[in-house]
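Colleague: Please construct the entire structure, taking both the sequences and the accompanying hints into account.
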Amino acid sequence: MTTKEMFKVELRDLVLLGFVVAIKVVLSRFSLGTTVVHVSLGFIGSVMLGYLFGPVWGAIGGGISDFVSSALFGNQGGFFIGFTLSAMIGPLIYGLLFYKKPVKIWRIILATILVTVVVNIGLNTLWVHLMYGMDLKAALIQRIPKETIVPWIEMVVTYFVLQAISRVKIRR
Amino acid sequence: MSKILIGRYISGNSLVYKMDPRGKLLATIFFILIVFMANNPLSYLIVTVFSLVAVAATKLKPKIFWDGVKPLIWLILFTSFLQLFFTVGGKVYWRWTIFAVSSYGIENAIFIFIRFTVIILISTVMTVTTMPLEIADAIEWILTPLKLIKVPVDKIALVMSIALRFVPTLFDETFKIMNAQRSRGADFNNGGLITRAKAVTPLLVPLFISSLETAIDLSTAMESRGYRGDEGRTKFRVLKWSKYDLVNLGYFAILIVLLLVFRTH
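Protein sequences, first through last, are from chains W and B. Per the working numbering, residue 1 is the first one in the first sequence, and the count goes up by one each step. Per the working numbering, residue 1001 is the first one in the second sequence, and the count goes up by one each step.
Just so you know, the hints here were simulated from the structure itself, not pulled from any lab data. Hints are supplied without guarantee of correctness; some may be wrong.
[As the list claims (entries may be wrong)] Derived list of chain W stretches under chain B, where covered just means 3 residues or more per stretch with a C-beta under 8 Å from a C-beta of chain B: (1) 12-24; (2) 88-102; (3) 155-165.
This structure is a prediction, so every number in the text was calculated from the model and none was measured. Where is the CB? At the ideal position from N, CA and C, for every residue including glycine.
Modeller: Take a look at the structure:
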């Protein structure tokens, strides 16, 4: 597959990509949960990007969503290319596992665990370490409590979201 | 009704506002790397003074910058404390199992606190003094070299501007849908985990369907206005470099030189 074929996309899908990116930006300003655990809904946008547009355009959409939210709301913790990369890899993983495939529980569990381990625990810890010179061990300890609870909530939400979105896709 | 403010741009006309968004964005991105060169008290002092001068140059109220730091203040403090207990070296003042407070730890905690704060301050200067559309144009300009490896930068710019334009619209749409569902008994803030997860669907499906419809309408409208792909088009909004960007560049160069001289090698 050449690069040209890889990036080939119709205008209508390109415009829809813009809308899904906007949905992701909007959703990431909302959160779900009790006073103790807050789950930002932004991951739903990543799931939609991966599921609807596949790994390549999903990843591009993820990167754009990071730019757009930085432009609109400012990047909490500074402009850093690493977090753009993190925003790209989430939809990439979801795209590899969900795009043009039937919704299956094992895919959802695998994708969520992969995103949590690779992006949230792995890369984001690395970025904080690189950006602020924070001790890796300390950065990890700070992250672990949240990342042991949140993925399970994300899996449940992802399941319902994919069910709903796949119904819309069939109707189209 | 909506508590969420869209866009952090605050109008003003100080020197910082007259600088080109591309220069400001580049300076912000490089600042994060430059801060890294600081490694002793004097160099951290230089970085702090540099960012405070930049903040002062915007001629905006300090509260605006405090609002930028406020949401992250607990994270910053927590991070500094962790750093305090996990860095070992120098004179040890207190020790308990794996935790220890040492002179090296205290120094490191203060450095991390400063680094966090100055990075947030400079990023706030960027977002507060530049309009979102200008930031998007600057990002597009920075991405241009990616054309060399055949990345569709123009398509990315198109998606970015559509998303930027429709975020406020979709915000309104989201609140409308939430209220419509609430008026018929939907509850977005109560119930167990599964109930709350399910409550996302009556919000998301209408939002997605309306986006789908608008996307179809918009692409039809674009095609009827003669949009035939991104190549061979002219630009209406053009960014221009000015003499104020030399101030930006010069200020930045002075910081780098000072840091190179005063850091511990």
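Colleague: Look at each hint and say if it fits the structure.
Modeller: Comparing the hints with the structure gives:
no., hint, result
1, 12-24, "holds (count 11)"
2, 88-102, "violated (count 0)"
3, 155-165, "holds (count 8)"
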